[in-house]
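There are 2 protein chains.
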Amino acid sequence: MTEQRITATYEIETAFPLDQAAATMAGEQSTGTFVRVPGETDELREAHAARVEAIEEFGDVAAPSLPGSGLPKDGGDGRRRRARVVLSWPLSNMGPSLPNLLATIAGNLSELKAFSGLKLTDIVLPPAFLDRYQGPQFGVEGTRRLTGVYDRPIVGTIIKPSVGLSPDATAEQVRVLVEAGVDFIKDDELQADGPHCPFDARIAAVMRVINDHADRTGRKVMYAANLTGDVDEMLARHDHVVANGGTCIMASMNSIGLPAMKQLRAHSRLPIHGHRNGWGMLGRSPALGMSFIAYQKLWRLAGIDHTHVNGIDNKFCEPNDSVIASARECLTPMFDPPHQGCEIIPVFSSGQSVRQAAPTYAALGSVDCMFAAGGGIMAHPGGPAAGVRALRQAWDAAIAGAAVEEAAKDSPELKAALGAFGG
Amino acid sequence: MTEQRITATYEIETAFPLDQAAATMAGEQSTGTFVRVPGETDELREAHAARVEAIEEFGDVAAPSLPGSGLPKDGGDGRRRRARVVLSWPLSNMGPSLPNLLATIAGNLSELKAFSGLKLTDIVLPPAFLDRYQGPQFGVEGTRRLTGVYDRPIVGTIIKPSVGLSPDATAEQVRVLVEAGVDFIKDDELQADGPHCPFDARIAAVMRVINDHADRTGRKVMYAANLTGDVDEMLARHDHVVANGGTCIMASMNSIGLPAMKQLRAHSRLPIHGHRNGWGMLGRSPALGMSFIAYQKLWRLAGIDHTHVNGIDNKFCEPNDSVIASARECLTPMFDPPHQGCEIIPVFSSGQSVRQAAPTYAALGSVDCMFAAGGGIMAHPGGPAAGVRALRQAWDAAIAGAAVEEAAKDSPELKAALGAFGG
Chain A
-9 MTEQRITATY EIETAFPLDQ AAATMAGEQS TGTFVRVPGE TDELREAHAA
41 RVEAIEEFGD VAAPSLPGSG LPKDGGDGRR RRARVVLSWP LSNMGPSLPN
91 LLATIAGNLS ELKAFSGLKL TDIVLPPAFL DRYQGPQFGV EGTRRLTGVY
141 DRPIVGTIIK PSVGLSPDAT AEQVRVLVEA GVDFIKDDEL QADGPHCPFD
191 ARIAAVMRVI NDHADRTGRK VMYAANLTGD VDEMLARHDH VVANGGTCIM
241 ASMNSIGLPA MKQLRAHSRL PIHGHRNGWG MLGRSPALGM SFIAYQKLWR
291 LAGIDHTHVN GIDNKFCEPN DSVIASAREC LTPMFDPPHQ GCEIIPVFSS
341 GQSVRQAAPT YAALGSVDCM FAAGGGIMAH PGGPAAGVRA LRQAWDAAIA
391 GAAVEEAAKD SPELKAALGA FGG
Chain B
-9 MTEQRITATY EIETAFPLDQ AAATMAGEQS TGTFVRVPGE TDELREAHAA
41 RVEAIEEFGD VAAPSLPGSG LPKDGGDGRR RRARVVLSWP LSNMGPSLPN
91 LLATIAGNLS ELKAFSGLKL TDIVLPPAFL DRYQGPQFGV EGTRRLTGVY
141 DRPIVGTIIK PSVGLSPDAT AEQVRVLVEA GVDFIKDDEL QADGPHCPFD
191 ARIAAVMRVI NDHADRTGRK VMYAANLTGD VDEMLARHDH VVANGGTCIM
241 ASMNSIGLPA MKQLRAHSRL PIHGHRNGWG MLGRSPALGM SFIAYQKLWR
291 LAGIDHTHVN GIDNKFCEPN DSVIASAREC LTPMFDPPHQ GCEIIPVFSS
341 GQSVRQAAPT YAALGSVDCM FAAGGGIMAH PGGPAAGVRA LRQAWDAAIA
391 GAAVEEAAKD SPELKAALGA FGG
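Top to bottom, those sequences are chains A and B.
With our numbering, the residue at position 264 of the first sequence is 254, and numbering never jumps.
With our numbering, the residue at position 381 of the second sequence is 371, and numbering never jumps.
Take these hints with a grain of salt, some might be off.
All copies of an identical chain are treated as equivalent in the list; a pair is satisfied when it fits inside any one copy or across any two copies.
Each computed DSSO-like pair below joins lysine-lysine, with the alpha-carbon atoms no more than 30 Å apart [what the hints assert, rightly or not]:
hint : residue 1 : residue 2
1    : K399      : K305
2    : K210      : K63
3    : K405      : K63
Just so you know, the hints here were simulated from the structure itself, not pulled from any lab data.
When you get a sec, could you build the whole thing from the sequences and use the hints?
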């Protein structure tokens, strides 16, 4: 039987020959020592050393992307090679443990002097991780079942202003949004349990509105209640959401960490909306950190059901090809059958309007997503209900393969939206 | 009564006028919305908006440090200004919650298009956080009490090779090290509970050696057992360490997250050695992420007792001034009396030898630190015991204000170390 291995891909920049640089990475993150010690036998290296699986050179850059590396005194040769390097480790080095995986694939590597750039771009994990991690509990199908939305994106929005509304004022905002016809509403990531808007009071007030609306219409809007906090707080808040008839919880992934997410997932009876705020710190530099492709795999295993991928022509720095690659990855199985694939719902947001429906559908090739708009709904000239109708019309057109301008001829709300949200 | 506020300092790079850029930061992380909504009243802004406390311009740079920002279509003016910006928030926005603090001070900020660089460099928190977080349980004094080491650095070392030793082979390494006279030994961050070296078996084997040595000599060496894992695992492993007479636990901070650390601290009866592996991802870029100064404050509140600061002339990329600033910060109170200061022990490591004792002492101005050496002990020509003696002699000389070369005249181990570990 072949031992299960963990594989990680990096993009590096180095002033050393590539085979030497890759060997440094492998050594530092497994059996290597600066000074050879007696215990480091050949058998030990054979069984536990990380392996360099592939090196693909990209060409040189003129100047180092990060400081502190490859100086003449450290032996660099002045060139700055870029390359993709693939390493693998035997699972027996760390076992199927996400926290310890992280120390191995993303620990001290990025501080090594041999590298003026080092970014983790992908990981491939053996299914043994599914013995210890539950993966998403609801995913695409479970979220569709709870929202009652099929064959089109789940249209979402966020409560604004982010901070400052009282529980009752929040519920009033929610009333406007559910009456406008949205499928999904989320708290802002800045709003969790601040003294001016306590979690329990906010959720109680908001769920009264959502439950009343569901009683009248038969449609229960999904509300992602931001329960980010310490572990005991999150578990108690989850129970409060359940007790009030809520159908979703939200947590900021970077704020809580993988072990807390695992614990929340084990406890939860609701889908987990994983908010990626802070990912820019890890992901924005091309020379450092971690791609969202690698990052989201860790959190899917830990149990999230939805995550944010930004949106086409977003108001942040992320380019469209990166947004779409992230979104497609969320829908791509992590493991082959018979194992679960851990697919989750990508959430498009940030400056989204009727203009982004067609290009998003064309690039994603699927309607399995959330499409969240703030101003795109609230700032519609005909009001929020017209804003929601316009978004649905834009997606209907995209799915039917019709140009949005053509569709607008028969859809006054869409026409007004195209006028309001400039091309 | 003045409301307690949270203050955060950033270094930014922007193609927009600085007052506009700072207002964008404050707006995005508090009451701001891209489209003004009805709920955003003047009263709400007055009570909850983040405040720009200070802007200090540094001058322009030629090219953007990060991509995706300030393009002509986004309204940038072509200049790239660098500046320090200080923002503050009322505590009532998020309450004294570290996870929610993180979403506020380090959430989506670094992805904003207005910035081609944005790094969090410091935070100042109100003492209300001490109502919810316990801070270090042992700190400097408690660690000295458990090790029995006073008036000099605690001399430490790490078990190598990092990965691959069985529990018994690990214990044999520990035997060599305790007999050599070290005060402190730590697991490698790659070694936690892998199938080839299970935690429980390793700790039992290692503690037999340490307990035997303590019975014979009266000196109990502190062993930082790396219990990094999921929450239930960490709590159980802590209990196993206690049951085996251990006096320290270690966890990789980035792997476990703040809520898990809080839970571990609440449960723990032992000092927590906080390992910062992976910090390079957050800290190495001058244009992105978080300084260690800001970072370590979060973890001190959450409850660590020791943390790594690299070392002078280390084998990683960090410059010496950054190393020393981090170390001094660990010893600087976070809160004024009567509140606890949450001081912790800085751990110097990475390529440390007798050569670094004097410059480290001169720069730190204190002996309240751990000084960890691997090769500097194991590769001493006279063996590990001579290696430990040489390190202690080097520190004795530094504390006495004597030049190391002078002190070596009366100290054969120090003389041999100076020969072996070139200047």
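Hint by hint, here is what the structure shows:
In this homomeric assembly, K399 and K305 come within 30 Å of each other (Cα to Cα) only inside a single copy, at 29 Å, whereas the closest approach across copies is 66 Å. When the C-alpha separation of K210 and K63 is checked against a cutoff of 30 Å, the pair qualifies neither within a copy, at 65 Å, nor between copies, at 41 Å. Taking the shortest alpha-carbon separations for K405 and K63, only the inter-copy value of 25 Å comes in at or below 30 Å, while the best intra-copy value is 65 Å.
Hint 2 from the earlier list is the only one contradicted by this structure; the remaining hints agree with it.
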